[in-house]
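Each of the two chains sits in its own frame; use the hints to bring them together as a complex.
First to last, the protein sequences are chains A and B.
If you read the first sequence in the numbering used here, its first letter stands for residue 1, the second for the next number, and so on.
If you read the second sequence in the numbering used here, its first letter stands for residue 1001, the second for the next number, and so on.
Derived by calculation from the structure, the hints in this document are not laboratory data.
In this text, a Cβ means the ideal position worked out from N, Cα and C, and glycines have one as well.
Be aware that one or more of the hints could be misleading.
[Unchecked claim] Example chain A residues on the side facing chain B (calculated, C-beta under 7 Å, incomplete): (1) M109; (2) R140; (3) R143; (4) G144; (5) M149; (6) S156; (7) S157; (8) N159; (9) P160; (10) V161; (11) K174; (12) Y206.
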Amino acid sequence: MFGRDKHTAEQDDTHRDDTTRDTTGHDDANREEPATVVKGDPIAKPDVPPWERQGEQLLEVRDLFVEFHTSEGLAKAINGVNLTLAEGETLAILGESGSGKSVTAQAVMGILDMPPAKIPSGEIFYRGKDLLTMPEDERRKLRGPEISMVFQDALSSLNPVFPVGWQIAEMFRKHRDMNRSDSYDQAIRLMERVNIPGAKERVKAYPHQFSGGMRQRIMIAMAIALDPKVLIADEPTTALDVTVQAQIMALLKELQEEHDMGLILITHDLGVVADVADRISVMYAGRIVERAYVDDIYAAPAHPYTKGLLESIPRLDQKGQDLSAIGGLPPSLTRIPPGCAFNPRCVMAQDVCREESPPLRDIRPRRQSACHFAEELLDD
Amino acid sequence: MGKYIVRRLLQMIPVVLGSTFLIYAMVFAMPGDPTAGKCGERACPPAYVKEFREKYNLDDPLPVQYGKYMGNVLQGDLGENQYGIPVAEDLRDRFGVTGKLASMALVFQSVVGILAGILAGLRKGGFIDNLVIVSTLFVISIPIFVSGFVLQYFFGLELGWFPVLVGADATFYRLLLPAMVLGSLSLAYIARLMRTNIAENLGSDYVRTAKAKGLSNRRIIGIHTLRNSLIPVITFLGYDFGALLGGSIVTEGIFNILGVGGYVFTSIGNRDGIAVVGAVTVLVLVYLIVNLIVDLLYGVLDPRISHD
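Okay, chain B solo, but in the shape it has when bound (with noise of 0.2 Å):
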């Protein structure tokens, strides 16, 4: 197991360099001129561009440029973003709101996904798992964008039970309807998930086992058929959060949330190549680091799966 990690861990070098390289080489050796724009409507002065093309190095061949970003950023300096505030900064403020929105959604699709799959799974063709297919292909075929208005507008601004817009301060209680919103697509897969893998999985051999040991009905679902169920929908939520930590731009512009996906979408706007770079590199570890613990947990809970 620890052998296991080890190898992961360093599985990963390559992995970053590669993927930060590649986004670094696309918003900084793109053609097109780094500072056009930055100065408003005019062009910038000299001076200006002098510095700026001297602090990113940009005057180097691109793997020298990008080997003297990423020594700065192994020392902790993601360097300054357009408005002279440290990356670093942002991001910390960024992810500390996108992680507890991703997180409150986690929570919300999971718990009511599997209960939802679980209910539908027991009796299959039965009125809740007619219920839960056609709800859930509800909420597949609408679009976020549009399911999130309007879920805004009625919970929002109709009912007034939920802020219309989260803002600055990034309450547990403003972020709850956005979260919902957030994790309403994959609720709708896990439930589905679930209720396949619950039917499935009570018409396998071993749970006619249990029946044949003289097990209670709850003993039989909650234990033998329930474990074996989760194990794909366990992966499943892992991947998922990797995703939601990577911010949701459709999600965060609706409720004027300020996570890491409007921050990226900006900075890409503003071809503010330092944020993005910055932003994605910290991205990519995070789903990284998130991926093994997938791997890791799934280990533990299939026993067929070996980590030595």
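The shape of chain A in the complex, shown without the other chains (with noise of 0.2 Å):
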């Protein structure tokens, strides 16, 4: 739909020294001639995207913890995640409810509500400068001009009590210190270009008087109305229909491509992310299992909890079959069994499972699955 070429990881031999902290590439002139990329040294070539050049990421989070004190004890939320954001980049975070996906986009963000969340250790660098050690203020003042959000309840995410526009005008009179009606125009302009029919007499209704898909697009362009560089949309299509799902994520899109930002796309829907993502990383319970390009993933994964997940998305090549589903649920955090954490729920569960946590590794160029068995899971 974007214009990619299909590979899968075998066919794939660029690979960088320092693939786990997530910097691996992907570029379509790289698969018609593998053999002229220099391993170890991507910067030497200069048609390589931007998030497989060393030194150049937007946003990088290295070894974040997030643990929640709640009456039952404490949640382990994030327990060692790294991420990496190059300029341009979709990076789509999968995982079930309770993963971490959307702890990980507000650590980030720097919205968690502190206490009960606490940050035991761990680094987020935005543009080299380090987001949890940089003061409050300074760093308020990124939220919206640098790093922005879109919520996945645009009705909630909204407040109720003012009228959109004025809530869109609010980026522009408290960041850009604009005057009432210069910051309505903006506002105007945004609805525009968020495709609001009738912006101009819109932009003083409530947001009760829009329905679901004209909301989140008015979340949206409230998202972009600074032109950040990074863009984290935590499950913005989850509460809207399907037929509404594709226009907003074309729209997400689009966007994307024209400010050339950083997308952070936090699902539980595998279908969205096929069409938009370039990267994937698979969370669960607060740690990443799995990280890979979109078309690697879909054509081998190499953890059982993605396998497990993409056997769950209905296909019409596969109509009147049943529909196969993980067993069991995601395990509560405050007891996060031993040994990889998906060992109760996985079908290829052995000793070592119970007993040892894998560590998230390189198995092929430029992938990277935190399970033991791994290879034998790409070679069946």
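In structure tokens, the structure reads:
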């Protein structure tokens, strides 16, 4: 849909040494002449996409831990997450509810409620500056102009008692010191940009007077108002019906390309990811369990959890068959099972899975999996 | 909006007629002689009874009596009480005092209550929160006639900061302590209501959005959280103001305030039917109008409520 060739990991031999930091590469040019890519030195090649180059990451999350102090004990929501995001790149974070994908996003945004949340360790770099050690006031000024976020439920995420135009205009008034009428002009421009019909007439309308899809467009208009470099979309289409979902995703993709934004797309919907994302990180129980390019993962998942997720998508070419589902439930974050967190639900689980937590490791060029049996899974 | 107001005003007519008719019937159609006890220890002279019954059409059937009474009311004549003083004149004085007291109580309870509620709600479980919870519980559990007398004794007699009684000259200063006593109970409810709303709205999605927009804390709380949290509180305040305007028998009694509550109370005791019906008729009207204003205000504060 967005003009990228299909390929598999097996065909790919571009490789970098520090793939543990999720800076694996992906480019059509590489695939055509894989032999010319110098191993370990992607900077030498000019048409390497930005997220393959070293030291140019827009956003980099290193070893992030987040825990919640609850009445039932310590809930370990994020357990050592590493992420990178480059300009113009779309990174999808995939996982069930409670896998920590939203918490990761909120930690990056700096909008976690602390307490109960706590970040015991980790670093979040935005253009080389650590957001976590930055004074709060400085960090606040990045929210909106630099890093922005679109939430799942636009009805509850928009303030019900202020007109939508006012809420969009607020970005310009507070971050750009713009006056009322100029900021309203900007709001109208943005509402037109996200294809809201009759923007001029509806700028003073309230959120409840819009349909679900229109409200999500307003959320998006608000998020991109100040041309942020990073846009985090937390399940932006989950509350919408299928036709509207496609429109919203197309709009996000369009805006991303227009502004060359880095887009983090959080979702549990593999169907949404396939068309839009460049890379995928699959999360389970607060850890990244698989990381790969989108086509690789669809061709051959390297983690039983990813495999289970893929098998649970209804497919037109398998009509009439039972849809498989991953048995069991995600673990309680206060009692994450020892060893691999997925072992109680895993069809491949062996004794080693119950004892030893598999690290996220390179299994193929530009592919990582946190499974003891990733190679076996890929070779199937 | 205009249509809505007209409709609401029209709706008031049956409510006013119905409620005043009920009161009229209860006062004049109840068994017992309306003139009993009007002439001291003795029975009233027959000439007085005859004149009284004629003046208030007591020999007519009840609906006719009521019709004639309402006819007079519509012309602004609420009749005379048993001392021959026009009820309308009495009520003007009494409502003046009660209105002043009610407004002062309203300002006191809303300012202090809302502030306490915000401070408590911002740090749920913190020191101020616990302080507010315990002190409001204390206020709620003590009946007003106890707190009234205690404060009167303490601040009026012992410390001498406030006058002990109000009396005929109801100045702002004299009404200060009674207004605080009168507003204390609602203050406690408002503080708790506000606390809950603030705490709840701070966790809402749109406040999270406001944070994600990079707004200052002050703006997140002062604009985005506060406006939503105030909606139920304003409703409560509006209805409470209507109730305050009905006068308070206890507080007026403790501080010797010549307000509406005491007027109705003594009139009932004196079997002064004309005074009671007159006062209650006005009260019903006041309550209905305050309610209408609250409903209109509600629509202004919360755009989801539509008055079209």
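Taking the earlier hints as the rules, which of them does this structure contradict? Those not satisfied: there are none.
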